[in-house]
Amino acid sequence: MEKRAKQSDTGIEKLNSKDATVIDAHNISKTYNPGGIPIRAIKNIHLHLSKGEFVALVGPSGSGKTTLLNMIGGLDQPDSGSILINNTDITRLSQAKLVKFRLHHIGFVFQSYNLIPVLTAQENAEFIMLLQKIKKFKRNERIDMLFQAVGLSDKKNVRPSQLSGGQQQRVAVLRALASKPQFVLADEPTANLDSEAAFNLLDIMLKLNKEEGMTYIFSTHDQRVIDRVKRVIKLVDGEVVSDKITDIL
Amino acid sequence: MTIKIAWRNIWRNKIRSLIIIVSVSSGLLAGMAVISLYEGMMRSRVRTVIETETGHIQIHQKNFLNDRMTEYYIPNPQLISDHLKNDMSVRAFSERTISEGMLSTASGVSGVSIIGILPQNEIIVSGLDQKIKEGFLIPREDINGILIGKKLSQKLKIHLGQKIILTVTDSAGNLTSSAFRLRGIYQSDNALIDEVNVYVSQQSIQAMLTLKNQIHEISVLLKSDEQMDECLRRYKIKFPDLAIDSWKSLSPETNLLVTTVDYYSFIILVILFIAISFGIMNTMMMSVLERRYETGMMMALGMGKYKIMYMIILETIFLSIISIPVIIPMALMTIQYYGEKGIDLSGMGKDMMYSFGFETTIYPVFPIEKLPSLIILLFITAIISSILPTWKSVQNSPIQALRN
Ligand SMILES: Nc1ncnc2c1ncn2[C@@H]1O[C@H](COP(=O)(O)OP(=O)(O)OP(=O)(O)O)[C@@H](O)[C@H]1O
Ligand SMILES: [Mg+2]
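Heads up: the sequence lines are chains A and B, in that order.
Under this note's numbering, think of the first position of the first sequence as 1, with each following residue one higher.
Under this note's numbering, think of the first position of the second sequence as 1, with each following residue one higher.
Only chain B is shown next, with the shape it has when bound in the complex:
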């Protein structure tokens, strides 16, 4: 019966209840939107990192990542590539010869990372061809071709076909330079990368460094993310003398972002729900004060304080969760729709998103495993909002309440 009374009480002042229901709904919607946008951004960021930057796993000589010296190349790369070719979990892998160097043109100079690639491998492993904005991917036999990022081309005002000089220190410690022609300008989602990474054929950088088929990096793309931990473990056992890293350690900022985003969306939710809870509390307070006579009478008749309190708590909870069965499916459907269609945020500052390494189209995803905690959070909000009104509802003794 207390449930019945509580339920009917929330419909006594329809407008007021509606305001609360609407505000809880909008809070819930906003919360879910924030979570899904973040989740979408994170997932796409992780995809971008894996598919265009690091791959799932990279293999280096033990010292290479700390100190990118030419002599820290991978010994016996053939052994590793044979192993990877026979590994069922591997989709593709790419071997790279890397050197720090200096890029100079008629208009300026810039420090760069020169990456010697086998272009056809990079098509699969890092999607390099997809990133070409002007010109084209250097063909395998093109030993004079170079690709640079858009950011760098803007900085140095270089155009396709222009001559570029690369200067490196070879394995004997001599400074050597070679001339290249700009064949293509690429743009990734990460401006930081676009400013420093330049691509040439593996052959030409090996020649400059006086290396013979030596490589510094093997980037491995797996068939699925789930296989990563297992592969990581296997490779570490198989190649104990090499450094085996996952994207998580190669791009720690991305990994940190993924872990902190959960935390941020939780904080945003809490702030949202605190705002909602003030609304709920205020409404319940009004409702309780208006009904002082009535609650006094109920207590006089023999309804205990706890029953009255229970009634008020129930009313608050009803008001708070009544919209769930409508709003949550609605929100999930909307998120699903935009998850497929994508939300274009380029209007909000394409450059800003790009410079942080994010794509400008977000595909929101609601992590369904977070739904229970969202509902629990709403429940807690309701209960917290009901504390003061509940306490107030039993403050007056029956005769005080009945006197007016």
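This is chain A alone, in the form it adopts within the complex:
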């Protein structure tokens, strides 16, 4: 796979193209062994993501999307290969260090039930920044701006149970990128949403990708979502079968 040195709006000042690399997964494999029968979930995958990219991971069920994302996100370890996130090989980090690394460098959006039910939308969005011990005025500034950007300003003090599924996912996206991580990783963030809410979420992700240069990698099954994404990586049986960049818009 050839290296893609794409320039993002925030990465321009860095002349060295290596600095714009966010994810560099090299030859990673993962085999599960449930009940003695080995399942090769990921087979020698190389993956390279530059700052500001917006990437969809697609493929049939069981093709290894979740497994791959978990490894990139530092939630799971590959059996072999290396995963460099901003030049740190996360496969060599201890569990405790990985937790810290995730906190400071990776934003997560899960499929559903992303939010902590006892916290308000604002408190949920602040969660990562609070763990990072970011000062209150800085947090407020950032949260106000983001809630405005996604049109949820009036829902800040509402508990997740009073938000629609789409609104919850939007708050989850805000939480993931509020602390400006290296990239946001999302495993089927739209799977539990109706198509209107799914498009809405995608719009917001794209908007923040443009405005903030936030890098995204997410998996999806939804063809209409796929149609709106520039770079689409397709997995089949744990292997990358295509990695296409289409010019949309």
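A hint or two may mislead.
[As the list claims (entries may be wrong)] Straight-line alpha carbon distances no greater than 27 Å define the calculated DSSO-like cross-link-like pairs of lysine-lysine that follow: (1) A:K135 - B:K4; (2) A:K97 - B:K392; (3) B:K223 - B:K341.
[As the list claims (entries may be wrong)] Over 10 Å on every C-beta distance to chain B, these chain A residues come out as not near it, computed from the model: (4) L103; (5) E123; (6) K138; (7) D144; (8) S164; (9) K234.
None of these hints come from the bench; they were simulated from the model.
Just so it is clear, CB atoms sit at the ideal spot from N, CA and C, and this is done for glycine as well.
Following the hints, position chain B with the ligands against chain A.
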């Protein structure tokens, strides 16, 4: 923020939390009730012992308590009484001539301790007049009068006015008997005493024993309990040849009771709190298992294991101590109320209480100095109850927790 989440988490399942809060509260109430009842019983027992049995301090000839022989009387009692009269700490004292003897009536015989008293002194020192249930206290000049306990009167079926023969060994070693008339029947809080102690005038027992104004016992009632240790020390120095004892050594069973009661109430508390802790643990366990996905997600986002554990411990502690600000003042007020009014336990077996030397009305007192240790005990209970749920909460890796 962890505190905020923990606090809000305990309100997620209100019914469940309420059950725990109620059970902790009832445990706390029960614990405080037990402590106060015990304390009340002990204090009244000590008061009874001091005010009706031994006084604060007793003075005897060195051998008398080991061997109640007639010849072990106190030499120079005048010296001591002069000293006591001038002692500012002394409220009153009473001199007694004592002899072991035999009491016989038409209906039976019983071994007794005959105590020769100056009745007016006993009114203050041992409250003897208060204990008379039938008849009256023998007047000073009544050399034929005798008082016996209710228990003995029942045993021997004696009635007021009946003739009673006392037989003793006099100081020369001769057996001598005298006839008395039953003037009064007393009842103290201690059945053991009521069965053996009989009271006659000092004059008459001295005559029987062929003693001249000699006494065996001086019982001293002080103005306050706090002065006892100091007086004890002073008298021991002043009268080195006499035996000076406090109620603690004269009634060792009472003293033992007082010291063991602390220990018992502690054990009862521990048992209570162990029961509570199972409840708390169970609730927290359910709550932790229900939230596996959520904690997994928090860990995935970058919240460390220790923070999660801290959160669960905090939740347990909150659940356990949340009721303290309400329950403790409430319990203290209730105890205060009953402490003044008294709790009548005669329904629970007056005879049983009486035969152990306890009054049937208990005035509960909560020893306020025990409050901190009670709260600490509750804290420890909370922390112990949180161990298993806390451990369980971080058992799953984030991907395991997130898979469902
Ligand atoms: N913990 C596990 N133990 C055993 N096998 C597993 C485990 N996790 C995943 N697998 C297997 O690995 C393969 C890839 O699974 P993965 O969940 O990554 O696929 P996916 O592309 O995310 O599928 P879907 O679209 O259904 O979410 C599958 O064959 C799956 O059965
Ligand atoms: Mg999947």
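Results for each hint:
For the suggested pair K135 (chain A) and K4 (chain B), the alpha carbons sit about 17 Å apart, so the restraint of at most 27 Å is met. This hinted pair checks out: K97 (chain A) and K392 (chain B) have alpha carbons roughly 22 Å apart, not beyond 27 Å. Distance hint between K223 (chain B) and K341 (chain B) is fulfilled; the C-alpha atoms sit about 25 Å from each other, no more than 27 Å. With a cut of 10 Å on Cβ distances, L103 (chain A) falls inside the contact zone with chain B, its closest approach being about 3 Å.
With a minimum CB-CB distance of about 8 Å to chain B, E123 (chain A) fails to clear the 10 Å threshold, and the non-interface call is violated. Every C-beta of chain B lies more than 10 Å from that of K138 (chain A), the closest at about 15 Å, which supports listing it as non-interface. Against the 10 Å criterion, D144 (chain A) stays outside the reach of chain B, whose nearest CB is about 19 Å from its own CB. Under the 10 Å C-beta cut-off, the non-interface status given to S164 (chain A) relative to chain B holds; the minimum distance is some 19 Å.
Distance to chain B confirms K234 (chain A) as a non-interface residue, since its nearest Cβ pair spans about 23 Å, more than 10 Å.
This entry does not satisfy hints 4 and 5, going by the numbered hints stated previously.
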